[in-house]
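Protein chains: 2
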Amino acid sequence: MDPDEFRRVGHEVVDWIADYRSRVEGFPVRSPVEPGWVRGQLAGLPERGEGFDGLLADLDRVVLPGTTHWQHPGFFAYFPSNASLPSVLGDLLSSGLGVQGMLWSTSPAATEVEQHLMDELVGALGLPPSFVGGGVIQDTASSAALVAVLAALHRSSGGTWRRSGVDGTETVYVSSQTHSSLERAARLAGLGEQAVRAVEVDSRLAMRADDLAARVRSDVAAGRRPVLVCATVGTTGTGAVDPVREIAAVCAEHGIWLHVDAAWAGPAALCPEFRDLFDGVDRADSFTANAHKWMLTAFDVSLFWTAHPDVLVDALTILPEYLRNTATESGAVVDYRDWQIPLGRRFRALKLWSVLRWYGLEGIREHLRGHVELAALLESWVDASDDWELVVPRSLSLLTIAHRSGDDATRAAMDRVNASGDAFVTHTTVDGRFAIRVAIGAEATREHHVRALWDALRLRD
Amino acid sequence: MDPDEFRRVGHEVVDWIADYRSRVEGFPVRSPVEPGWVRGQLAGLPERGEGFDGLLADLDRVVLPGTTHWQHPGFFAYFPSNASLPSVLGDLLSSGLGVQGMLWSTSPAATEVEQHLMDELVGALGLPPSFVGGGVIQDTASSAALVAVLAALHRSSGGTWRRSGVDGTETVYVSSQTHSSLERAARLAGLGEQAVRAVEVDSRLAMRADDLAARVRSDVAAGRRPVLVCATVGTTGTGAVDPVREIAAVCAEHGIWLHVDAAWAGPAALCPEFRDLFDGVDRADSFTANAHKWMLTAFDVSLFWTAHPDVLVDALTILPEYLRNTATESGAVVDYRDWQIPLGRRFRALKLWSVLRWYGLEGIREHLRGHVELAALLESWVDASDDWELVVPRSLSLLTIAHRSGDDATRAAMDRVNASGDAFVTHTTVDGRFAIRVAIGAEATREHHVRALWDALRLRD
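Protein chains in written order, with this note's numbering: chain A, 1 to 461; chain B, 462 to 922.
Next up, chain A with everything else stripped away, as it sits in the complex:
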């Protein structure tokens, strides 16, 4: 495909996406296809090349029916995965440049734009100055959790971990509400699930710092080595907020790495009125917030900061001959390959840059505040209802609700809504009770979509 062909076909593809986004509301949010249906529609690989029309036709014929539409205004499931159109174009520019930013020298701009944005966001989010110079884009919060665990293991070992591996005494602390990626990170790091302590939560499902302290003391007394605590600002289940400052005090006492997972809620720190939720983050060793959830940036941009980039780099670096270069050896540059699990990396900062410039910080705040306002509105309707209730307090734009008459009614309402195609919600359990999560955050969601969801949930009340 030469540049002129790309121009022609590229315009068609842009138009296809514009058309898709214009009509996304017309699709059932959750794909109704049965397992195997999509594969049954697909042809074998062609020996001879073909034009782009066939692919676009297959998108309409096969892919769209087989798609769960995350950009649909009726998408209230999981957490939002904003892929705003400016970010789509930023990512297109990244693919178009086709650079590989594993080393500073393999594309200085890929590294320096990322450094610049990450440093600027420290101020914009009210993060501690200790994070300046410690920011990097990870693909996901799961990977961010894993690199935090690895850096913590390295530090805790006094630097012997790289050579000797884990010794089986390391322990990691989460709560029952912490994202599963932490338990998984401990597993992948070779600690096994036996190393993971599930700290008690209070009635708001927040980690209890006193129970954390007790478990740490008990583990230390038993000859174990506490390595990392993960505190969460906005848990995946219900949006609970752990008491970061209290947890930080326990960590400081025992030299434990404090990782703060704010994958979903993190961008809310752009708004001063929500910043209380992040109290104590100034004492964290690492922090993560996903721009690809609620901050308008197409997957995959997980913002990760650490106050100890030297530890992270020392844990992850490896320098074979074929990667040696003058810039690296000068010590004057950052090579982001040493900050992440993969070696290669895309110029992901471009899609973040596109978002920050197109919307501006104020535009992103409006995006966030709008969803919180919609959630508060839904909360008021739930509070006024005889049949539904909040299972835990609203957290920003996330509500966890259940039918008062029991799990069967809650589940039936969820299944009915999801089958309708007009909205899509997912569930969690709270103290064994089945509850619907309403995560408001799609860019196109407006009041009438939330109203329609509420009406649909109550249809058979």
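Because the hints were derived from the structure by calculation, they are not lab data.
By construction, the Cβ of each residue, glycine as well, lies at the ideal position given by its N, Cα and C atoms.
Some clues are possibly wrong.
[To be verified] Sample of chain B residues lacking proximity to chain A, with all beta carbon distances greater than 12 Å (derived):
#: 1; residue: 495
#: 2; residue: 626
#: 3; residue: 642
#: 4; residue: 680
#: 5; residue: 707
#: 6; residue: 715
#: 7; residue: 781
#: 8; residue: 798
#: 9; residue: 838
#: 10; residue: 842
[To be verified] Just a few of them, taken from the derived set where beta-carbon distance is under 8 Å, the chain B residues facing chain A:
#: 11; residue: 475
#: 12; residue: 507
#: 13; residue: 611
#: 14; residue: 802
#: 15; residue: 818
#: 16; residue: 822
#: 17; residue: 841
#: 18; residue: 915
#: 19; residue: 916
#: 20; residue: 919
#: 21; residue: 920
Guided by the hints, dock chain B onto chain A, whose structure is given.
Then chain B, alone, in the frame of chain A:
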């Protein structure tokens, strides 16, 4: 940005990329900027949103001078990182759809198109039928290596690894030529570098199966537990090919997981005439080949197959309440989140699909063969030269060459070529000797580019 704005700005972005690709040859391949220059040009984050023009202007003003141009026809460094224009559009479609394929149910098409392509490629690449149903797209070969190590640890432990972690007796086998990602994977998995055995290589820098067998026997006798061997088809340094079939025999005898890393050379298996290089892969437990290196697909698409997807999934799966869904519980679907390090995932199969359909298998073979022919031509010139020589035999489209008068001359020639901006090569060492790698593989590279490189290398002979 509404769909109509996207249409307008999107056309501009497509045109910007078309223009960039048209004039890419006019840029110095390797960016000449000094550390910090790019950052010095950048403004703070805007409070108010702005149009897209400013970003495009900054791309021209700051990013392009700060870019090392991987799509330049004079790019002979590292390995190629093909970002063909059809793949750019496939990736654009993925961003435009904005779906998140962590579970089958979160977008059935994202999973099933990927399954379909990976299964079809088993046949096209001549891979063993045992890999059908075991294919998945990883971001990079480094991540593929890590998941192979994790699956191997799980299997080797008899299933106790998830719970108990590593026990410190595990050993992993590589050669001095194996990609550093394997040693790093062992480190990340908690084994430490002490677990990694560097098997001897022969005069062609291929792993010696007899030395592997001796080391395994010695480790077993010492109470160690051999877990994984990584054989490479096309090493990063020089393109050496390990004797996979002989290595597989050692692995089979001791129940060791055999991972075959063909990150760069793998796509060559599409051509029957190169398939001998892959002899023995039918006995591998896992295999990886990067579509984003030499197979025209924009980063990041690393093709990974395993004959034991059940082991991989059992090693990596974790199922919190909020991810439970009917399709997963039916057992009728694959949830790719269980096959990779991150939880979330893009619809990466779209860019691979775009490439396979636009070029067809025959078009991709032409791409590969063209580069091998250019490399053979350069080889003939080197062979006819009094001053230069091949340090090791040519491997497909990779040549490793040095000046006969010694390292200083070789290094001077490399520095001169790279400073010229017309071409970019990187180096390796072979038995302590400094050597230039000429990795031919950019989509736009033609004979006159290789000729120009050769002329430039000899400028002061």
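**Item:** Hint check, residue 475 of chain B versus chain A [nearest Cβ-Cβ separation less than 8 Å]
**Value:** 3 Å, holds
**Asked** With a cut-off of 8 Å, does the beta carbon of residue 916 of chain B approach a beta carbon of chain A closely enough for the hint to hold?
**Response** 24 Å, violated
**residue 495 of chain B and chain A, when compared Cβ to Cβ, separated by more than 12 Å** = 9 Å, violated
**Message:** Just to be careful: measuring from the Cβ of residue 920 of chain B to every Cβ in chain A, is the smallest value less than 8 Å?
**Reply:** Check failed: Cβ of residue 920 of chain B comes no nearer than 21 Å to chain A, outside 8 Å.
**Request:** Verify the interface restraint on residue 507 of chain B: the C-beta must sit less than 8 Å from at least one C-beta of chain A.
**Result:** Where the cut-off is 8 Å and the nearest Cβ of chain A is about 5 Å from residue 507 of chain B, the hint holds.
**Message:** Does the closest beta carbon of chain A sit nearer than 8 Å to the beta carbon of residue 919 of chain B?
**Reply:** Hint on residue 919 of chain B: violated, closest Cβ of chain A at ~23 Å, above 8 Å.
**Message:** At 12 Å, judged by beta carbons, does residue 798 of chain B keep clear of chain A as stated?
**Reply:** 9 Å, violated
**Request:** Hey, is residue 642 of chain B genuinely clear of chain A, shortest beta carbon separation above 12 Å?
**Result:** Non-interface label fails for residue 642 of chain B: nearest chain A Cβ at 6 Å, not farther than 12 Å.
**Request:** Return the status of the interface hint for residue 841 of chain B: holds when the least beta-carbon distance to chain A is below 8 Å, violated otherwise.
**Result:** Cβ of residue 841 of chain B sits 25 Å from chain A, so the hint is violated.
**Prompt:** Hint check: is the beta carbon of residue 818 of chain B less than 8 Å from a beta carbon of chain A?
**Reply:** 5 Å, holds
**Message:** Would the hint on residue 611 of chain B be counted as holding, given a Cβ-Cβ threshold of 8 Å to chain A?
**Reply:** 6 Å, holds
**Message:** Confirm or reject: residue 626 of chain B is not an interface residue toward chain A, with every Cβ-Cβ distance exceeding 12 Å.
**Reply:** 3 Å, violated
In summary, the numbered hints that this structure violates are 1, 2, 3, 7, 8, 17, 18, 19, 20 and 21.
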